[in-house]
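Number of protein chains: 4
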Amino acid sequence: MNTDIAQLVSVALYTPKPAESVAFFHDLLGMEISHREGQSVYLRAYEDFYQYTLKLTEAKQAGLEEVTWRASSPKALETVVMRIEASGLGDRWTDRDYAHGRAYKFCTPDGHRQKVLWDLDYFEAPPELKSKLRNRPSKRPLRGVPVRRIDHVNLMVSDVVKNTDFMLNVLDFKLREQKIGDGGAIVGSWLSVSALVHELALMRDSTGSRGRFHHVAYWYGAQQHLLDIADIFAERDVRTESGPAKHGTTQAYFMYCFEPGGNRVELFGDTGYLIFDPEWKTVVWNVANEVDLEKSSIWFGGQLAKSFYRYGTPVVLGHSLEEIGR
Amino acid sequence: MNTDIAQLVSVALYTPKPAESVAFFHDLLGMEISHREGQSVYLRAYEDFYQYTLKLTEAKQAGLEEVTWRASSPKALETVVMRIEASGLGDRWTDRDYAHGRAYKFCTPDGHRQKVLWDLDYFEAPPELKSKLRNRPSKRPLRGVPVRRIDHVNLMVSDVVKNTDFMLNVLDFKLREQKIGDGGAIVGSWLSVSALVHELALMRDSTGSRGRFHHVAYWYGAQQHLLDIADIFAERDVRTESGPAKHGTTQAYFMYCFEPGGNRVELFGDTGYLIFDPEWKTVVWNVANEVDLEKSSIWFGGQLAKSFYRYGTPVVLGHSLEEIGR
Amino acid sequence: MNTDIAQLVSVALYTPKPAESVAFFHDLLGMEISHREGQSVYLRAYEDFYQYTLKLTEAKQAGLEEVTWRASSPKALETVVMRIEASGLGDRWTDRDYAHGRAYKFCTPDGHRQKVLWDLDYFEAPPELKSKLRNRPSKRPLRGVPVRRIDHVNLMVSDVVKNTDFMLNVLDFKLREQKIGDGGAIVGSWLSVSALVHELALMRDSTGSRGRFHHVAYWYGAQQHLLDIADIFAERDVRTESGPAKHGTTQAYFMYCFEPGGNRVELFGDTGYLIFDPEWKTVVWNVANEVDLEKSSIWFGGQLAKSFYRYGTPVVLGHSLEEIGR
Amino acid sequence: MNTDIAQLVSVALYTPKPAESVAFFHDLLGMEISHREGQSVYLRAYEDFYQYTLKLTEAKQAGLEEVTWRASSPKALETVVMRIEASGLGDRWTDRDYAHGRAYKFCTPDGHRQKVLWDLDYFEAPPELKSKLRNRPSKRPLRGVPVRRIDHVNLMVSDVVKNTDFMLNVLDFKLREQKIGDGGAIVGSWLSVSALVHELALMRDSTGSRGRFHHVAYWYGAQQHLLDIADIFAERDVRTESGPAKHGTTQAYFMYCFEPGGNRVELFGDTGYLIFDPEWKTVVWNVANEVDLEKSSIWFGGQLAKSFYRYGTPVVLGHSLEEIGR
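Residue numbers (numbering that gives the first Met the number 0), protein chains in the order written: chain A, 0 to 325; chain B, 0 to 325; chain C, 0 to 325; chain D, 0 to 325.
Any given hint could be a false lead.
Derived DSBU-like pairs (lysine-lysine); straight-line CA-CA distance at most 35 Å [to be verified]: (1) LYS16/B to LYS161/C; (2) LYS161/C to LYS131/D; (3) LYS131/D to LYS129/C; (4) LYS173/A to LYS173/B; (5) LYS131/B to LYS173/A; (6) LYS16/C to LYS305/C; (7) LYS59/A to LYS74/A.
Chain A stretches covered by chain D per the calculated footprint, using a threshold of three residues with CB under 8 Å from any CB of chain D [unchecked claim]: (8) 126-137; (9) 215-224; (10) 231-239.
Because the hints were derived from the structure by calculation, they are not lab data.
Computed from a predicted model, the values in this text were never measured in an experiment.
By construction, the Cβ of each residue, glycine as well, lies at the ideal position given by its N, Cα and C atoms.
Let's have the full structure, built from the sequences with the hints guiding it.
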């Protein structure tokens, strides 16, 4: 996979309930707090190699602050920034973000804030967190059902084609899977820069809103852990939406839940499949085809709730968390 | 990951018991037979996208016929072949191998035969094998405990440094992990061209032999399937060597067994960890360090048998399968 | 657990599609065919110790032929038969059923045919099925995702109280869990004679029908196997109703599917919990309580389909398999 | 299963490192502390229904204080006590043990202290531990990899036959499996009073000592959890002996470790098999038979360490924990 972007680095979210949000990720998902600064808390999963992969910042409304990507090389960073600037969606260089070096800020066509960088801080475990497993950046925590690493981010868009084209042409992503809806409109894209099927999904926002956040996904690797956390969520009143169940698209064994601030979080229970083929032909699901309609969203397990296509953050009228039926 | 090689395509093995070897992969590991030609049978796992990933050919002795790699692009193929030719280890172009297009044949410094290509045939499922899961190249079989895809190959070498350098410098692999033995000698290298920790491992052959084959690994993804196949092997007299247990290096949950022809096969039960960092620093295990000595080979589970470092194919005096203790 | 009944022996079902039904249990669930006689085929799971646990007989309509129980001792058999005769629901002694010795036939108050016996034939594995695991009655099959043993049977009843009382007072079952519906009516009972939470469930038939069959459950033990068979069902058009998901009642991780003849089959993925307490206090779920309403049927996973309370065999007007939405 | 004993209630152990021992069970195995009294701490797993299942008491040496059994009924208690008294191994009635009612104390022929009772205290969850799952006595903890319930106890004996006969004839256990060693001597017995294959194992002590403790087993139910705790043990220097691997006898997927005080603890990863047959024929493994020798101890996974047959608590000369090779 030769691409200018190498990987998803981190997702920054706003939350109106910062203490509860931090407790959710720390106590239940076993994430470690790397840093606190102002109204922000920085966290990472125990197999995340960098200083943080999740930033939570207090705000009036839930939603996305920013997604950060790492370029494949210092040179690739310059190349991709040139293309962003040419697209008219560039913003500016900065070097003031915690644990991140010189970075270029920009937006998707829908307005989701993004950042691309090369330099960043690795997590250096203090003695009490140091693992004897030399390829593990910190000990497996004893809290909750600990997630292993950040996996991908899903953004709701008002125009799937436009935003997909931007990610393909300007950011150099590869299009792995796509879903075509009634009348031939493209309703979802799954894009990646590595063997993962996606580090980024773009889904049509059924409410017609622009620039909203759908979910960030953390990875378990073992399906049992999804059953474990589902059990804990049932017992502790964590709001869930769908799953554990298996998607046809991406083959992910998943569960969707909401952190206390209202942002949707996906927990990813296995590995789905990996793509090594350098000539990958985009997998197309056409929901006008009845089999695809049935199998693409749910391969097995309960149905996806309708809110899956309508609820995002920030919330819009008539789609708050309280209005979502299970 | 920008590399000239994109992935491992296939492994070709010799077997003195071809019918039994085919039955092992087909009946117990649930692989599909794609083709038969002369004394050769071609097989694939149900998530392998190409026409075959394993070729078994009748021969007097077990061992490796050839490993095939796919380049990242037609241009990368030319580039890597130029470097191979410059190394003096090149052989010739061919276009006569089943399901493989124009390919360049060469050897490792230790003499393991290799091939690199761009063009090759994808598997096209006949109607009875076609899956409704559009990203799955064929239905999940109902036989045995079916492996999902080829994962990696492990070669025994007389000189780890020389062979590692060749794969890094000529083939453009990345060095992910390395093991240093007594006196500082490098005794093992794990190399990859993708997010996998390795598509290729090079291990010192303790018998001092050159060019032998250690194992090919097929991937399950779920740890339960390793327990399932271990149960079936126990019941059906399949010879196993170590595991199910977990390696420290690569973090693989593994089991080693022998197909009836005598070649070692690894079954890989989870995903280990994946590498997305474009600046990855090689993880070094130093077995002079007691903790590393203990944890690198086995993180948990029973110990590795000594035969792990001595038995390879073709067999050499005093190390036949019959002499291996469980 | 001192009870006159020791265990569930077998379930006999009618099927209008006998060849397809046998193929379902044999090819997908990995069951072994023990015997064929007239229009009947007898099967067992690989850890079932007796000659058969499932009898399939060709008939115009799907439904239950008979449930067979084993008494705790020859003396307990006489005791329980005396109570059955006193209840007025007894029928007659017989010794003509395949692989079953002298047995007494009777009915539940709802009319489900039952049988209780002491003598019966154990399965004696022929050499090719003999396991080296001395506590396993036959080798683990290489077909499908093999179920391990029969677990329980669920009967739909027009009157839960009356049928529960019969099983408690006449058959000597213990009441493990109970569900109370709107207005205080008992809508479901889970009864057992061993450490299992239930060998028998009695559920109110929402259609008001009498004597229908809800499901027979076979046990996997590992949750992964439920995901495996769910994957295979999705690919091979086996109709499923709900799950994989987890019940609150009984704590079972389950999936409901329909064999080709139309009878519902439950696949049971873990062990739930076991009861060793000789003074067990019945667990009561009251669906007038909102938490119980939500948690008793589904602890986690997708919701139960409405057909779960209405579809049984034989089918009644308006509730055929074709009318069931997924 | 009609027997005078219904179940294993609890195991009381001595430990020279009480704080570390409590931390092991509480922090790593997720057990809850029910009570502290004098030099003793009482704990339970989250699915244990009674007030405690493990009592840890400070002492100079590790070892067994007492095993407690519950009778099947008040009447069965009187019956079994009469038989114990007749055997000459009875001690006295007491009603002074924490959370246990009137109980009768006695010894095995080898001198292991035991107790049998009918009355005892159930665990009543305080509000913060109360589960919405009405059949779960307390919430699933968020600490470590929490065990679910006590499973069985294993005692080392100088004379297997004599101690087995006592448990069968006086206590009314059933003999489920037995292992015969060289020369026809019985070297191990697995006994139960329920569907479990064993609540009690008796193993020949190869050091010839009398009355020592081999292990207490706690149950997970899911094999993944054994891999999880093995991973945590590897990282946190918990001494392990064998596994995760699968026994042939009892079919248990197991791991043996040592709590900091030196007592061996088994973690039990699945369910093995259950016995419902009221006429069960004891499964006999004869280690003079090579297949049985190989398969009975380890069905799959690494070999059992020799210390398994020699190390018990209290320790005897030459077999301390420090002398055990991994």
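Are there three or more residues in the segment 231-239 of chain A whose C-beta lies within less than 8 Å of some C-beta in chain D? Result for this restraint: holds, n = 4.
Counting residues of the segment 126-137 of chain A that have a beta-carbon nearer than 8 Å to any beta-carbon of chain D, does the count reach 3? Since 3 is at least three, the answer is holds.
Between the segment 215-224 of chain A and chain D, see if three or more residues pass the 8 Å beta-carbon test, and mark the coverage as holds or violated. holds (count 3)
Sort out whether LYS305/C lies within 35 Å of LYS16/C, counting only the CA atoms. Since the Cα atoms of LYS16/C and LYS305/C sit roughly 25 Å apart, the hinted pair holds (cutoff 35 Å).
LYS161/C and LYS131/D: Cα distance at most 35 Å? holds, 29 Å
What's the verdict on LYS16/B and LYS161/C, does the C-alpha distance respect the 35 Å limit or exceed it? Roughly 66 Å separates the two Cα atoms, so the pair is violated.
Take the C-alpha atoms of LYS173/A and LYS173/B, compute the straight-line distance between them, and say whether it is at most 35 Å. The hint holds at about 22 Å.
For the pair we were handed, LYS59/A and LYS74/A, check the Cα-Cα distance against 35 Å. Distance ~39 Å between LYS59/A and LYS74/A Cα, so the pair is violated.
Is LYS131/B close enough to LYS173/A, meaning Cα to Cα at most 35 Å? Answer holds: LYS131/B to LYS173/A is near 23 Å, not above 35 Å.
Taken at face value, is the distance from the CA of LYS129/C to the CA of LYS131/D at most 35 Å? violated, 45 Å
Consistency note: the structure conflicts with the earlier hints numbered 1, 3 and 7.
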